[in-house]
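Chemist: Chains as they are written, first to last, in the numbering used here: chain A, 1 to 315; chain B, 1 to 317.
Just to be clear, a hint being listed does not mean it is correct.
[As the list claims (entries may be wrong)] If we take Cβ atoms under 7 Å as the criterion, some of the chain A residues that face chain B in the derived model are:
#1 Val45
#2 Asp46
#3 Pro47
#4 Thr61
#5 Ala62
#6 Ser254
#7 Glu256
#8 Arg257
No lab work stands behind these hints, which were simulated from the structure alone. Positions of the beta carbon are idealized from the N, C-alpha and C atoms, including for glycine.
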Amino acid sequence: MAGDRGKPNAMNIALRVASHDIVLVFDADYTPGRGLLRELAMGFVDPEVGAVMGRVVPRNTATNLLTRLLSLERSGGYQVDQQARYNLDLMPQYGGTVGGFRRSLVSRLGGFDVDMLAEDTDLTLRLFLEGWKVVYANRAECYEEVPETWDARFTQLRRWSRGHNRALYNNLLAVLQSKHLRFAQKVDGILLLAVYIIPPILLSGLAANALLFFMGALPIWSPLALTFFVISYNAFGNFGPVYEIGAAELLDDSNERIHLLPYLFYLFLFNSWSVTSGVLDTVGDLIKDRSPFWEKTKRAAEIDIETSGGPNVPA
Amino acid sequence: MFLLSMAIFITLFALPLVAGFLEIVHPNDDGRLAVDNDYMRDPRFFGNSFRAKIASLLATDQSVPRTQSFLGRTDERAHVARCIDVTADANVAEVLLALDRIDIADGATVIDAFGKVAATAGRNVRLRTISSDGYVELGDGTEVERWVDADDRLDVGRGCNLGVSASAGAQARIGSGTSFTRIFGNPVVAIRQGSDAISEGISPDFSAFDGNVIFEDDAEIEAGAAIAGSVKAHRRLTIGKGATVAGNVIGRGDVIVGAAARIDGHAFAEGSLQLDRGARVGTPRAAKTAYGTTALTLHDGAMVYGWAITDGAGRIA
Chain A
1 MAGDRGKPNA MNIALRVASH DIVLVFDADY TPGRGLLREL AMGFVDPEVG
51 AVMGRVVPRN TATNLLTRLL SLERSGGYQV DQQARYNLDL MPQYGGTVGG
101 FRRSLVSRLG GFDVDMLAED TDLTLRLFLE GWKVVYANRA ECYEEVPETW
151 DARFTQLRRW SRGHNRALYN NLLAVLQSKH LRFAQKVDGI LLLAVYIIPP
201 ILLSGLAANA LLFFMGALPI WSPLALTFFV ISYNAFGNFG PVYEIGAAEL
251 LDDSNERIHL LPYLFYLFLF NSWSVTSGVL DTVGDLIKDR SPFWEKTKRA
301 AEIDIETSGG PNVPA
Chain B
1 MFLLSMAIFI TLFALPLVAG FLEIVHPNDD GRLAVDNDYM RDPRFFGNSF
51 RAKIASLLAT DQSVPRTQSF LGRTDERAHV ARCIDVTADA NVAEVLLALD
101 RIDIADGATV IDAFGKVAAT AGRNVRLRTI SSDGYVELGD GTEVERWVDA
151 DDRLDVGRGC NLGVSASAGA QARIGSGTSF TRIFGNPVVA IRQGSDAISE
201 GISPDFSAFD GNVIFEDDAE IEAGAAIAGS VKAHRRLTIG KGATVAGNVI
251 GRGDVIVGAA ARIDGHAFAE GSLQLDRGAR VGTPRAAKTA YGTTALTLHD
301 GAMVYGWAIT DGAGRIA
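Looking at chain B on its own, in the form it has when it is part of the complex (with noise of 0.2 Å):
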């Protein structure tokens, strides 16, 4: 009986070891887990990692126009040309590459469109990516499956859809009406056709506060106050007309940020995000991050430098 009970105690002692001296034995899985020390965030990754990937079918020692294989996320045909137009309600279904600009009329579908110095597509136009080493212009309607991108301008018409990222060089103008994930320029400017420039009434008579303001609570900063610290509301925080903060502005509820108020820093909602008429975050001379989770809406007028994000609806009003 004890030789039995030491027995089954052995087996059953050495049983959960046997697995793992066998990874001793012979490794499987001993390597140091994946740390990529020159990973830096590119606000426009998508852009120029297809920039890389057409780069040798752009050299300029080749003939144009011609046809070839192209190996974009899957095999795909791409077509080389100086110069591309793309004809009303037309349906290609190759990757256009123009070595100077492409042209897309109306109502047409395109896979691809890069033009080395300028892509632009019309009304209703459908795309799955575009971009530019210039500038970027899509009408109003235009939808965009993946992403937009521009090494210098970019200018997006009302009512279109711009796909999980858009990015610029330069300044980006969307129009009223247009959906969105991601965009990035210096800066991201909200436009209503027609609007002129924002001229909001401010009150003088202003609070001012040095350092870092908290609220445990909902919050609302009055019209015109200057804040040289950060502003942060466990709740709903409202940045009243005219208003600056020099400092991030952070609400874990809803937060909306006043007509011409100026953010210098990031401005983060953990609900909705809202920047209305000629407000401002960030600053030319340094990329910041508006960013609210449930939603992002710019008003006419509203500008970030830097990054405008949402993980849910992203609208221009």
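Next up, chain A with everything else stripped away, as it sits in the complex (with noise of 0.2 Å):
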């Protein structure tokens, strides 16, 4: 077998290579458990299933800050995220991770776009529209490796942006004007595509603030604009995303870590730059009608090969 490189093109040669009709998908950093394959096979009993996604869970959380950090974002986004949206009926998310689909149907559909980052946003919405369902399997757990350095994270965050943003260029309009999908969902998979687009407005809006007050446009050292700025700031705490993710952790029986909560905050202006660097990706690739190139996320141990000068093989 060969091919080009990027899970797209990996995803395709499985599809011809399978002889069944159910395709489980795991990505390399992932470690299956026995049971997991009945987990996720048990989504196909409902003949409206196309795909099935199961829980994310990083198994290097003690690694670093990072690491703690991206684990609280995994909590929330599984959950609470997904299974919120799987239980309004609304648009839970095949990731492509941890999950499988029919391969019949997305044979049907022609493949996986090969100039698509993310495969698994576009397989999702490309099910809904044609009337199928995902399923979301909380109790389908798997862990993974979440990247350990800020360099990969952003890296992997980048990429998932670019992918986002070209299955919203895609897919959007279909969206709008789809006879399977009820208003709810419309709404939902709205928000869903646009997710990646609105931390390069929120850093646009700071900018803004930031160049108003060197201007002397913003009386921020008056009392009362002082006292408003630290309420929003305090009430940060508010937004969704956190309660998300403190429900989750609730849920999960994780205590302690929900002190790192306040800490997102700082973790959102990193994420919201490497998003933004990933929609700047994706308006040059429509422009120049350009191929992306699939950037490999750097696990750890890849890393250590790297600092090391070679691959660490024991005697």
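Grab the two chains, each in its own frame, and use the hints to assemble them into the complex.
Modeler: Right under this line is the structure:
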């Protein structure tokens, strides 16, 4: 077997090789357990289900502050966000890392778009637009390795943003016009697709505020404005993601790590810059009509090899 | 004023970070979430777990009969003997473990009963658990508080209560009027005493469908129809007499599986699930599940290869 690099290419090869209809997918850094196959496959009992997504659980949580914060993000994203979308019959996302799909269906839809860095989001949208459902199976848990360096995290998030925004460009109009989606599903679909264009908007707002301040247009040092600023900062804790993550950690019975929630504000700033870079990449892709390059997320083992000058093979 | 404002601002700015800083410096909760990679669903978990606990007590190199302490859910006393006969209306406060068989007469009350070869209970016996490496028989009106497990067949009389779980390695024959939450058997068969084999009249003029069938409203599959795929209805679903479904049956409301109908896959109902006379779910080759959220009723001769489960009221009609 041979083909170009990147997950969509690999998936298309797998589609041709697989012989049964249910294809289960795990990323290379995932360690699925014995019972996981059954948990995932059970979702396909429903003939309306086109794909199933399980829950991702970081295994290297304790490595450093970044991995701890990413663990919080994962808990909120799956335990609450995905579960709520599924329970409310909205648009749970096939995440493509621990899940599965019907081979015949994906083949009929033309396989995976090799120019799509977020082939999972794209498949989710294409399934819903064709009238299929996606199941989120919270009990189908699988360990993954989250990035341990800020550089690796930046690359990963930038790629996600680039791919996700391409999916937005490809599918937004179809979502709005779809006859298969209910109004609530359309709203959720737009929110899902637009999630990676919010950070650049917020960053633009912050930049505009800074500009106005230095131009003297914002009387920020007046007591009233200062009070407003402090309250605004603390009110950040009332934003949805923080509630979401807090609720997830309570459900997971992880009470102490909730103290790290305020630090997510700084991760958010980092994420915003990474996501904005991805948005700019997407705009460049569309203007220049270029195919994106699949930049693989560096894992801890690979970084060890690079820093030590060679593979660390026991004698 | 400026310095005071700055001091207040910095204090309030830093305040939310203090608890997190302490958690970073002295981590109390930085472990990964527990995922049991070896987890496999065991339909006979209760029985197998109990067997593991009593394995040392049943070692053949020890003298019998004897009574010794036994750590179950709490500290208890276990009586170990070759064969055990519990007399009628007796009230036994010990865990009873038989190397051969245990027989419990009518009206007795027993905590846990295990017979390596067989375990039988007469009429109106009260038990917490009963299990055997061979077969288990329960007489009419017997009440099980927790669970029943048989390595071989399980025969349950009329009007029993099977607690939270009943499981058998072979066939589980359950008498009419019995209530349950979960039964596993290969197969589970609903029995009305004295009834003959089920033979419902089926029209030979049936319809055939090649793929999946999905209904947005109430739906009825006509008698004798043959469906090669799965059937799903977003409201009430009725599978007609003698119909066959090669895939799964899913109803978002109540589901009725008609007499002598056959479903090779699972049967799930978000409302109640009713299997009429001689209806069958699953095949001898693959364990499947018949699940009714609010109720599960099995009529005479109805058969499930695998699990019969409900979160509501389970009943053999």
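Chemist: None of the hints should be skipped; say for each whether it holds.
Modeler: Outcome of the hint check:
1. Val45: Holds. Min distance 5 Å.
2. Asp46: holds (6 Å)
3. Pro47: Check passed: Cβ of Pro47/A comes within 4 Å of chain B, closer than 7 Å.
4. Thr61: Hint holds; Thr61/A Cβ to chain B Cβ min 5 Å, cut 7 Å.
5. Ala62: holds (4 Å)
6. Ser254: holds (6 Å)
7. Glu256: With a closest approach of 3 Å, the Glu256/A hint holds.
8. Arg257: With a minimum Cβ separation of about 4 Å from chain B (threshold 7 Å), the hint on Arg257/A holds.
Of the hints listed earlier, there is not a single one the structure fails to meet.
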